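Protein chains: 2
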Amino acid sequence: MSDQPKNKATVYIYGQQYSIVGNESVNHMKLVASIVDEKMREISQKNPSLDLNKLAVLTAVNVVHDYLKLKEKFEELEKQLQEKD
Amino acid sequence: MSDQPKNKATVYIYGQQYSIVGNESVNHMKLVASIVDEKMREISQKNPSLDLNKLAVLTAVNVVHDYLKLKEKFEELEKQLQEKD
Numbered sequence: 001m002s003d004q005p006k007n008k009a010t011v012y013i014y015g016q017q018y019s020i021v022g023n024e025s026v027n028h029m030k031l032v033a034s035i036v037d038e039k040m041r042e043i044s045q046k047n048p049s050l051d052l053n054k055l056a057v058l059t060a061v062n063v064v065h066d067y068l069k070l071k072e073k074f075e076e077l078e079k080q081l082q083e084k085d
Numbered sequence: 001m002s003d004q005p006k007n008k009a010t011v012y013i014y015g016q017q018y019s020i021v022g023n024e025s026v027n028h029m030k031l032v033a034s035i036v037d038e039k040m041r042e043i044s045q046k047n048p049s050l051d052l053n054k055l056a057v058l059t060a061v062n063v064v065h066d067y068l069k070l071k072e073k074f075e076e077l078e079k080q081l082q083e084k085d
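Same order as they appear, the protein sequences are chains A and B.
Counting in the numbering used here, the first sequence runs from 1 upward without gaps.
Counting in the numbering used here, the second sequence runs from 1 upward without gaps.
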């Protein structure tokens, strides 16, 4: 009924504190933050010379890639479901 | 057959140049980069005071959120498909 975000979570990502607001549960926001944190650490281990900006941008690149791959699989599944109808 | 990434793309995200290597097509890598660029610009418009680091991290947060939402929908669809079998 309202556009106002209801929940606010304080999270830590790669050692920095962030306040996240949104309509999702605090648990969901913390889960999202922990996934970003984990991915940043993974990418940083493979590329130790990256500065924080580039590390965060490449983390976003990585997740968008995963998103597009999942979207492809999602659309395939949708097609299969339509064929069964 | 090989773990060696085959393709390399030079992309621009939020005014910075990145070299991305991977097994995906150069077009796919450029699409991913353009989505990250667009999201960074969207988030920056809503939060003009964010520094670049935080902007990039919050972009990653945003994308992971979208990923988890799509994953939920994917799993629902999978369940529907199994019920039809």
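Derived by calculation from the structure, the hints in this document are not laboratory data.
Only a predicted model underlies this, so the values are computations on that prediction, with no experimental measurement involved.
Please note that a few of the clues may not be correct.
Copies of the same chain are indistinguishable here, so a pair counts whether it falls within one copy or spans any two.
As the list claims (entries may be wrong) - No more than 20 Å apart at the CA atoms, straight line, and that leaves these computed lysine to any residue pairs for SDA-like:
(1) Lys6 x Phe74
(2) Lys54 x Gln16
(3) Lys8 x Leu31
(4) Lys73 x Asp85
(5) Lys8 x Asn47
(6) Lys84 x Ala9
(7) Lys84 x Tyr67
(8) Lys54 x Ser34
(9) Lys71 x Tyr18
(10) Lys54 x Gly15
(11) Lys71 x Ile43
(12) Lys30 x Lys69
(13) Lys54 x Tyr14
(14) Lys71 x Asn23
(15) Lys54 x Gln17
(16) Lys71 x Ile35
(17) Lys30 x Tyr18
(18) Lys71 x Ser25
(19) Lys8 x Tyr18
(20) Lys69 x Ile43
Right, here's what the structure says about each hint:
For a Cα distance limit of 20 Å, the shortest separation of Lys6 from Phe74 qualifies neither inside one copy, at 30 Å, nor across copies, at 26 Å. In this assembly of identical chains, Lys54 and Gln16 lie within 20 Å of each other by CA distance both inside one copy and across copies; the values are 16 Å within and 9 Å between. In this assembly of identical chains, Lys8 and Leu31 lie within 20 Å of each other by CA distance solely inside one copy; the values are 14 Å within and 32 Å between copies. For a Cα distance limit of 20 Å, the shortest separation of Lys73 from Asp85 qualifies both inside one copy, at 19 Å, and across copies, at 18 Å.
Only between protomers do Lys8 and Asn47 lie at most 20 Å apart by alpha-carbon distance; the minimum there is 16 Å, versus 32 Å within a single protomer. Proximity of Lys84 to Ala9 under the C-alpha cut-off of 20 Å is found in neither arrangement, the shortest distances being 42 Å within a copy and 40 Å between copies. Taking identical chains as interchangeable, the C-alpha atoms of Lys84 and Tyr67 are never at most 20 Å apart, the minima being 26 Å within one chain and 26 Å between chains. In the homo-oligomer, the alpha carbons of Lys54 and Ser34 lie at most 20 Å apart both inside one protomer (19 Å) and across protomers (15 Å), since each shortest distance falls under that limit.
Taking the closest pair of Cα atoms, Lys71 and Tyr18 never come within 20 Å of each other, the shortest separation being 28 Å inside a single copy and 24 Å across copies. For the identical chains of this complex, Lys54 and Gly15 are neighbours both inside a copy (16 Å) and across copies (12 Å), given an alpha-carbon limit of 20 Å. Taking the shortest alpha-carbon separations for Lys71 and Ile43, neither the intra-copy value of 23 Å nor the inter-copy value of 22 Å comes in at or below 20 Å. Taking the shortest Cα distances, Lys30 and Lys69 sit within 20 Å of each other only across copies (15 Å), while inside one copy they are farther apart (24 Å).
Taking the shortest alpha-carbon separations for Lys54 and Tyr14, both the intra-copy value of 13 Å and the inter-copy value of 11 Å come in at or below 20 Å. Taking the closest pair of Cα atoms, Lys71 and Asn23 come within 20 Å of each other only across two copies (18 Å); inside a single copy the shortest separation is 23 Å, beyond that limit. Both within a single protomer and between protomers do Lys54 and Gln17 lie at most 20 Å apart by alpha-carbon distance, with minima of 18 Å and 10 Å respectively. In this assembly of identical chains, Lys71 and Ile35 lie within 20 Å of each other by CA distance both inside one copy and across copies; the values are 19 Å within and 14 Å between.
Taking the shortest alpha-carbon separations for Lys30 and Tyr18, only the intra-copy value of 11 Å comes in at or below 20 Å, while the best inter-copy value is 29 Å. When the C-alpha separation of Lys71 and Ser25 is checked against a cutoff of 20 Å, the pair qualifies only between copies, where the shortest distance is 17 Å, while the shortest distance within a copy is 24 Å. Taking identical chains as interchangeable, the C-alpha atoms of Lys8 and Tyr18 lie at most 20 Å apart only when both belong to the same chain, with a minimum of 10 Å there against 33 Å between chains. For a Cα distance limit of 20 Å, the shortest separation of Lys69 from Ile43 inside one copy, 19 Å, qualifies, whereas the shortest one across copies, 23 Å, does not.
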